[in-house]
Amino acid sequence: MKRIISVLFIILLLFSLCSCTQKPVKTQFFAMDTIMTLTVYGENAVTASEKAKNEVLRLEKLLSVTDENSTVSQINSSDGKVISVTDDILIPIKAAKEINTLSKGALNITMLPSSQAWGFLSKDYRVPNNSELELLLQKANMDNIVLSDNGVSCINGTQIDLGSVAKGYAAQRIIDILSQHEITSAVISLGGNVQTLGTKPDGSLWNITVADPLQSDTQTAGTLHTAQTAVVTSGAYQRNFDINGKTYHHILDPETGYPSDSDLLSVTVLCENGTYADGLSTALFVMGSEKAYELYLSKEIIFEAVFITKNNEIILTDGIKDNFTLNENGTYHYAESHQ
Amino acid sequence: MNLKRLTTDALLTAFALIIFIIEAQIPPVVPIPGIKLGLSNIITLTSFYIIGKKDALIILVLRIVLGSVFSGNISSLIFSLCGGILCYIAMCIFHGITKEKIWVTSVLCAIAHNTGQIIAAVFVMKSTAVLWYFPYLLISAIITGAFTGIIVQNICKKGRGLK
Amino acid sequence: MQNLTNKKWIIIFLSIIVVCSTAIAVFHILPGGRVAVITKDEKILYKIDLSSVKESYTLTVGGNVVLVENGYISMQSADCPDKLCVKQGKISEVGSIVCLPNKVIIRIDRNEEIDAALR
Chain A
1012 MKRIISVLFI ILLLFSLCSC TQKPVKTQFF AMDTIMTLTV YGENAVTASE
1062 KAKNEVLRLE KLLSVTDENS TVSQINSSDG KVISVTDDIL IPIKAAKEIN
1112 TLSKGALNIT MLPSSQAWGF LSKDYRVPNN SELELLLQKA NMDNIVLSDN
1162 GVSCINGTQI DLGSVAKGYA AQRIIDILSQ HEITSAVISL GGNVQTLGTK
1212 PDGSLWNITV ADPLQSDTQT AGTLHTAQTA VVTSGAYQRN FDINGKTYHH
1262 ILDPETGYPS DSDLLSVTVL CENGTYADGL STALFVMGSE KAYELYLSKE
1312 IIFEAVFITK NNEIILTDGI KDNFTLNENG TYHYAESHQ
Chain B
418 MNLKRLTTDA LLTAFALIIF IIEAQIPPVV PIPGIKLGLS NIITLTSFYI
468 IGKKDALIIL VLRIVLGSVF SGNISSLIFS LCGGILCYIA MCIFHGITKE
518 KIWVTSVLCA IAHNTGQIIA AVFVMKSTAV LWYFPYLLIS AIITGAFTGI
568 IVQNICKKGR GLK
Chain C
12 MQNLTNKKWI IIFLSIIVVC STAIAVFHIL PGGRVAVITK DEKILYKIDL
62 SSVKESYTLT VGGNVVLVEN GYISMQSADC PDKLCVKQGK ISEVGSIVCL
112 PNKVIIRIDR NEEIDAALR
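Residue numbers (our numbering), protein chains in the order written: chain A, 1012 to 1350; chain B, 418 to 580; chain C, 12 to 130.
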């Protein structure tokens, strides 16, 4: 009898030991039109996550292009007057301007009138005609955004949409806040944006799946293994609509005003900074694999990328060749030229 | 096999089948495959103790095969058969050890039965995902086994004359 | 073993119940997974990161319909006779739903170490 009880006690003890492995704090909320999941390890995880969440909700109010009271909307309706702003507006715009120059115009945050014409903001989709788009493109000029130390003005009727960098900036801010709270291990996921802090508590790399652009809900193209980094995917599948059997997606080519028609299905960018990763992913998607690879080789900006092309090929940049596992059940294969 | 034995076995198989089919109509309390009272085991156990080992085996196998045919659940035959055979083996091993305590044999049989089912499931599904159900099945085996066992124990006490 | 009294047998069986309950409890306490793997006839059909599901949708796997929601997965309907898989309801971070007759398994994979999924 005593023996049975003691054996039982030991078993219970063993069980209680295994439950000591660190469990992360998970916070999930809806903001910026996507589900955001923060997975934070460590002592201050609860307070840090709460602060981070509030920061995102605060940023959403500033950066939203659909909210009439946002700072971005104020800039767009100011008719060229200078609006005083904080770093929360200046940093994303500066990043966008830099990427605009590097990508020779592939990222353009002044395409708002065109996006509106396509109905991507109101979700009232339509296909605008050529002349309409040409007219709207005249207003799309990054040089019309004039920056000062604490002010922004948009001249000549130009309007801005920070959609291509806002989530990246938000992710970067979350990571900054978590670090301030002495968090050394966290992964945050904001839809197509993922950013990691440090490594996993046991020192191993994070595993981040890259969606299959053709069956993004259920399949993956592969898995990235990374330490601290921001990872962002841009793909034609993320927001699109069908009219007359043709699919139109939300990433517009600044040169034509039409949805970008490069050789890519999706591009996933790894970059230290969340804002740059976000902006770059849009730019590279518009540039196409060849020009994007040239930018990579130029080292004018440091990043890594996974390109998935319309030929079902996957092209990896040199720095992540060993950090990507292809999904063996998937439809994609490595491109021969870049092996 | 004499006529009396044949009739007794046939009668008991029919009993077991009726119990089995009626039980199959009761909606499951716990939504986990394999968890049920196993009332038809009352007949198997009783015949094992009162009539004989061989007869119990015949009744058991007939009940399982016919049961899955009648309930239209042919796919479950492999699970029931695996469970049933292991249950029978447990019966043979333990009845000498537990002696009068038939309920103990019954519990051990139920455990063997559910273990057999899990093993069959692992092989059929070629996946260990079903092992997830094992602790649930063990708990249910002990409870249902004790329940049917106590019934059998009472039948055997009162029904020595059946033989 | 022959000399064990009823009382001792009861204690043995109760201990097994306690151990099993503890095991079940521990499974639920341990950090769970978030990737649901759906297999039919031993073939992996889908791997879904449940935490990144934005809108619920259904998947048809043979005669079974799987409902995928944010954080949860369940069998919505099945053409098997017992429908135990449907009655089992939703699972989120631990466990599995098995449809034995149709050989469909939904399991939450702890070892499938996905920390985040790019959408």
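Treat the hints with care, since some could be wrong.
Unchecked claim - Here's a subset of chain B near chain C, in silico, CB distances under 7 angstroms, partners left out:
hint, residue
1, I438
2, P450
3, N490
4, V524
5, K543
6, S544
7, T545
8, W549
9, P552
10, L555
11, I556
12, I559
What the hints assert, rightly or not - Computed cross-link-like contacts, EDC-like style, restricted to lysine to aspartate or glutamate with a CA-CA straight-line distance of at most 16 angstroms:
hint, chain 1, residue 1, chain 2, residue 2
13, C, K58, A, E1339
14, A, K1034, C, E124
15, A, K1064, A, D1187
16, C, K54, A, D1333
17, A, K1037, C, E104
18, A, K1115, A, E1301
19, B, K453, C, D93
20, A, K1150, A, D1090
21, C, K18, B, E517
22, C, K65, A, D1044
23, C, K19, B, E517
24, B, K543, C, D93
25, A, K1211, C, E124
26, C, K65, A, D1228
27, A, K1115, A, D1154
28, A, K1034, A, D1213
29, C, K58, A, D1228
30, C, K65, C, E124
31, A, K1034, C, E104
32, B, K543, C, E124
Hints in this document: simulated from the structure, not taken from any laboratory.
Even glycine gets a Cβ: it sits at the ideal position worked out from N, Cα and C.
Structure-based check of each hint:
Hint status for B/I438 relative to chain C: violated, with the closest Cβ pair at about 13 angstroms, above 7 angstroms. Using the Cβ-Cβ criterion of 7 angstroms, the hint placing B/P450 at the interface with chain C is satisfied: the shortest such distance is roughly 5 angstroms. Satisfaction of the interface hint for B/N490 is found here, the shortest Cβ-Cβ separation to chain C being roughly 6 angstroms, below the 7 angstroms cut-off. The interface hint given for B/V524 holds, since its Cβ lies 6 angstroms from the closest Cβ of chain C, which is under the 7 angstroms cut-off.
At about 5 angstroms, the closest approach between the beta carbon of B/K543 and any beta carbon in chain C falls short of 7 angstroms, and the interface hint on this residue holds. The interface hint given for B/S544 is met, as the beta carbon of that residue sits about 6 angstroms from the closest beta carbon of chain C, less than 7 angstroms. Annotation: interface hint on B/T545 violated; nearest CB of chain C at approximately 9 angstroms, more than 7 angstroms. The interface hint given for B/W549 is met, as the beta carbon of that residue sits about 5 angstroms from the closest beta carbon of chain C, less than 7 angstroms.
The interface hint given for B/P552 holds, since its Cβ lies 4 angstroms from the closest Cβ of chain C, which is under the 7 angstroms cut-off. For B/L555, the interface hint holds, the least distance from its beta-carbon to any beta-carbon of chain C being 5 angstroms, beneath 7 angstroms. For B/I556, the interface hint holds, the least distance from its beta-carbon to any beta-carbon of chain C being 5 angstroms, beneath 7 angstroms. The interface hint given for B/I559 holds, since its Cβ lies 5 angstroms from the closest Cβ of chain C, which is under the 7 angstroms cut-off.
A distance of roughly 12 angstroms separates the Cα atoms of C/K58 and A/E1339; the hinted pair therefore holds under the 16 angstroms criterion. The straight-line distance between the Cα atoms of A/K1034 and C/E124 is roughly 14 angstroms, inside the 16 angstroms bound, and the hint therefore holds. For the suggested pair A/K1064 and A/D1187, the alpha carbons sit about 12 angstroms apart, so the restraint of at most 16 angstroms is met. Distance hint between C/K54 and A/D1333 is unfulfilled; the C-alpha atoms sit about 27 angstroms from each other, more than 16 angstroms.
Proposed proximity of A/K1037 and C/E104 is supported: the alpha carbons are some 12 angstroms apart, at most 16 angstroms. Taken as a hint, the A/K1115 and A/E1301 pair is honoured in the structure, with Cα atoms around 14 angstroms apart against an allowance of 16 angstroms. Between B/K453 and C/D93, the direct Cα distance comes to roughly 12 angstroms. Compliance with the 16 angstroms bound is thereby established for this hinted pair. The straight-line distance between the Cα atoms of A/K1150 and A/D1090 is roughly 13 angstroms, inside the 16 angstroms bound, and the hint therefore holds.
Of the pairs offered as hints, the one joining C/K18 and B/E517 holds, with about 14 angstroms between alpha carbons and a cut-off of 16 angstroms not exceeded. The suggested pairing of C/K65 with A/D1044 holds, with an alpha-carbon distance near 10 angstroms, which does not exceed 16 angstroms. Note on C/K19 and B/E517: the hinted pairing holds, with a Cα-Cα distance of about 15 angstroms set against a maximum of 16 angstroms. Between B/K543 and C/D93, the direct Cα distance comes to roughly 21 angstroms. Violation of the 16 angstroms bound is thereby established for this hinted pair.
With a CA separation close to 11 angstroms, the supplied pair A/K1211 and C/E124 stays within the 16 angstroms bound. Pair hint C/K65 plus A/D1228 holds up; C-alpha atoms about 9 angstroms apart against a cutoff of 16 angstroms. Taking the CA atoms of A/K1115 and A/D1154, the gap is about 13 angstroms. The hint holds against a cut of 16 angstroms. For the given pair, A/K1034 sits about 12 angstroms from A/D1213 by alpha-carbon distance, which is consistent with the 16 angstroms threshold.
As the CA atoms of C/K58 and A/D1228 are separated by approximately 9 angstroms, the hinted pair is consistent with the 16 angstroms bound. The hinted pair formed by C/K65 and C/E124 fails the criterion: a straight-line CA distance of about 21 angstroms is larger than 16 angstroms. Between the alpha carbons of A/K1034 and C/E104 the distance comes to roughly 13 angstroms, so the proposed pair stays at or under 16 angstroms and holds. Of the pairs offered as hints, the one joining B/K543 and C/E124 is violated, with about 22 angstroms between alpha carbons and a cut-off of 16 angstroms exceeded.
Going through the hint list in order, the structure does not satisfy hints 1, 7, 16, 24, 30 and 32.
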